Amino acid sequence: MATTVAAKRSFWEFIWDYLTTVDHKKIAHLYLAGGGFFFILGGIEALIIRIQLIKPENDFISAGLYNEMITMHGTTMIFLAAMPIIVGLMNAIMPLQIGARDVAFPFLNALSFWLFFFGGLLLNLSFLFGGAPDAGWTSYASLSMDSPGHGIDYYIAGLQIAGAGTLMTGINFIATIVTMRAPGMTYMRMPLFTWATFVTSVLILFAFPPLTINLFLLMFDRMFGTAFFNVALGGNQVIYQHLFWIFGHPEVYILILPMFGVFSEIFATFSRKRLFGYTAMVFATMLIAFLGFMVWAHHMFTVGLGPVANAIFAVGTMAIAVPTGIKIFNWLLTMWGGQVTINSAMLWALGFIPTFTIGGMTGVMLGSNVADYQYHDSYFVVGHFHYVIVGGTVFGIFAALHYWWPKMFGRVLNETLGKLTFWPFFIGVHLTFFVQHLLGLMGMPRRYWVFLEDQSLDLGNLISTIGAFLMGVGAIIFVINIIVSAFGEKAAADPWDGRTLEWAVSSPAPYYNFAQLPLVRGLDPLWIEKMEGNGKIPAAEPLGDVHMPNGSIIPFLMSIGFFISGFGFIYQTDNVYWYLALYGGLAFSIALMIIRSVKDDYGYYIPKEELEKALEGEAK
Amino acid sequence: MAQAHDHSELFPEVMPPEPEKATLEGKNKFFGIWFFLGGETVLFASLFGVYLALKNSTAGGPSSQELFGLGLVFIMTMLLLTSSLTSVYAMYHMRNNDFKKMYLWLGITGLLGIGFLACEIYEFAHYITDYGFTFRSSAFGSAFYALVGFHGGHVLFGICWLTTLLIRNAKRGLNLYNAPKFNTFSIYWHFIDVVWVFIFSVVYLMGKVG
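Line by line, the protein sequences give chains A and B.
Mapping to our numbering: the first sequence position 356 is 359, numbers consecutive.
Mapping to our numbering: the second sequence position 165 is 1529, numbers consecutive.
Treat the hints as calculated values from the structure; they're not laboratory data.
This one's a predicted model, so the numbers in the text were calculated from it and none came from an experiment.
Hints may contain errors.
What the hints assert, rightly or not - Distance condition first, Cα-Cα at most 20 angstroms in a straight line; then the derived PhoX-like pairs of lysine-lysine:
hint, chain 1, residue 1, chain 2, residue 2
1, A, Lys602, B, Lys1465
2, B, Lys1535, B, Lys1464
3, A, Lys611, A, Lys29
4, B, Lys1391, B, Lys1535
5, B, Lys1465, A, Lys29
6, B, Lys1535, B, Lys1465
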């Protein structure tokens, strides 16, 4: 029904709708589109890096531009591609899985998206305005303090704005899961993806503030002449590394835990079996999150923290392999004895297990502080983290997109094209990154612009570049799949014979999600009703008017205010007139905050009659 | 149909015992502010860490022993602790649906906050003009002003928040729409107070004695 209404609207009404929406499903579309755009951008940057390294002493790009490429590839992929796509998936699916009509703070949800979008835009505009950040994605204070131009300033302002949005998302999702679960949806009946969303949000909440502070300190030092990292005035640059990794290590679990949730859903659905070891999976997720906060200094083994600190962090790091191993075995045992269907979503999940396990094992190798002196800052590290981030997060994103595409967009992705996406990408990943381990062991340092001929690095780099292009081919086929599928047949409500609540509503879900809140009778509620009931989820309340939040343009405008003040911060060191932008932008955003605060917003009600009509339409 | 929902459920004749948590929005705000403060805790913890690492890096400038005077800090502590207590009174009266008394105590809370902020501004001005101790003079200075200033910024934000709330709702009494807003502010204000207790101990006491 909603789609026929959409077809009649003009283009501008469509745009206005998305600019003002507070609906979690539409915000998910925005996140996926925004994250997808930055994913392509980051992918192009990766290809440029690999072209530069295709042969010894190549001069495809200059050394300075190469530094900008590696910095922006890392920053873009982590903050602007992987995280937004993950947040988009959570937005689309988590409220449906717990039987809620929206998230706890729909307005904040929209604000989170727009802050991410304008933060990412600001960061990438640096390419056009005199040079991008060039001190690596970590932007260590030693390098970033001395980087000329405004590149690093863009890094600071862009990430600060986008990071604020992410923090709000974390708070929003935790509150949603705590207060808005449907009747009967106890914590230990929540699907694994919802659990992963919950734990990931806790990680975001506690991991992002140190990054915020770190960016502030760097900003004060670079733009306002303070002395946090200025050794001449007693500053200490190791503080930057600590704060960065206290954020940075949980960040990698923010990237991977949601994907563990995704794979748990997919393995259970396509094995037609309950997830093996549900309780162990939940506690393993929590344990990984907890340990994830305890191991940051393994990124700093060579700083010189001393053997005791290094040993403690090494043991902690290796301990993470235990809960992760529990997960791997539980997935394998979920498939054991199940009726396994292998389709595109399942292929990504199956490809994930060996790929991620290899990444995990090199992780344990790196976790040994003694051996790490050899691996540190070499291509071995690059190979390791791409095995876990591409093999885990990117495979997970592709799996989730194939699995939930019908629920998010109302169309099933083409199976043949789906498999054609997987194989080049899967082979490409292993070609690109496996040889990087060997290159690292042979002494190739990371972040180097060129390498010399005949140092046994030539062949490995060539293979790596070929692999990168294969991944590009896979990604292009996926884009073709999206376009082809848009004209394909409409998806049924439950195309995969699903187990969880999101498959109990139409595809895509109506804007109010559930006309009546569902009553949950156990883990995998839809499956229970299919086996023991009539296949329909019982209602927990009589049909009545449904309360909905009002849309608003304020989140969009507020983010523009911060965007403008970001430019003010960056350029006020050149010219005092930029203070106008700095204070003007901030004042604009604060004024909008006050407007939001003093203007009553009670939301509106969908009358019962409209819901009745919709339900009748569904029954037909 | 339309008249069925004029949002009258937000304006009941008899207020429930906990008006701040009577609606789903209220409950969400209650949990939301607690989680937000969880993040804020890490934010301040990071700044405390930075301060502890840099507090002896005076670069030849004045040290904490020479700078700090416990008299002023004692007054500031009393002002802020009392303001936390008065905001408890305000919430007590909110739950008794006594709008006027709630306003009175919230007003006092705000005034005490302004008093605290005035002392802090005086303190900073004193350090800058009499000792030449600034945000830029040493790593100790940077860390001190970042931590204490960040807390001061939070107090300022709280006062602006409270003022907006008080002006907006002055003429309409208590209802289930604005009760969660007052409560959210009160929880935030307690947090600011708790952070100050740590600043008082770690920065001033340890700076003077330790």
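Right, here's what the structure says about each hint:
For the proposed pair lysine 602 (chain A) and lysine 1465 (chain B), the alpha carbon gap of about 25 angstroms is over 20 angstroms, so the pair is violated. Taking the CA atoms of lysine 1535 (chain B) and lysine 1464 (chain B), the gap is near 11 angstroms; set against the 20 angstroms cutoff, the hint holds. With a C-alpha separation of about 23 angstroms, the suggested pair lysine 611 (chain A) and lysine 29 (chain A) falls outside the 20 angstroms cut-off, and the hint is violated. Between lysine 1391 (chain B) and lysine 1535 (chain B) the CA atoms are separated by roughly 25 angstroms; this puts the pair beyond 20 angstroms, and the hint is violated.
Between lysine 1465 (chain B) and lysine 29 (chain A) the CA atoms are separated by roughly 44 angstroms; this puts the pair beyond 20 angstroms, and the hint is violated. The hinted pair formed by lysine 1535 (chain B) and lysine 1465 (chain B) meets the criterion: a straight-line CA distance of about 14 angstroms does not exceed 20 angstroms.
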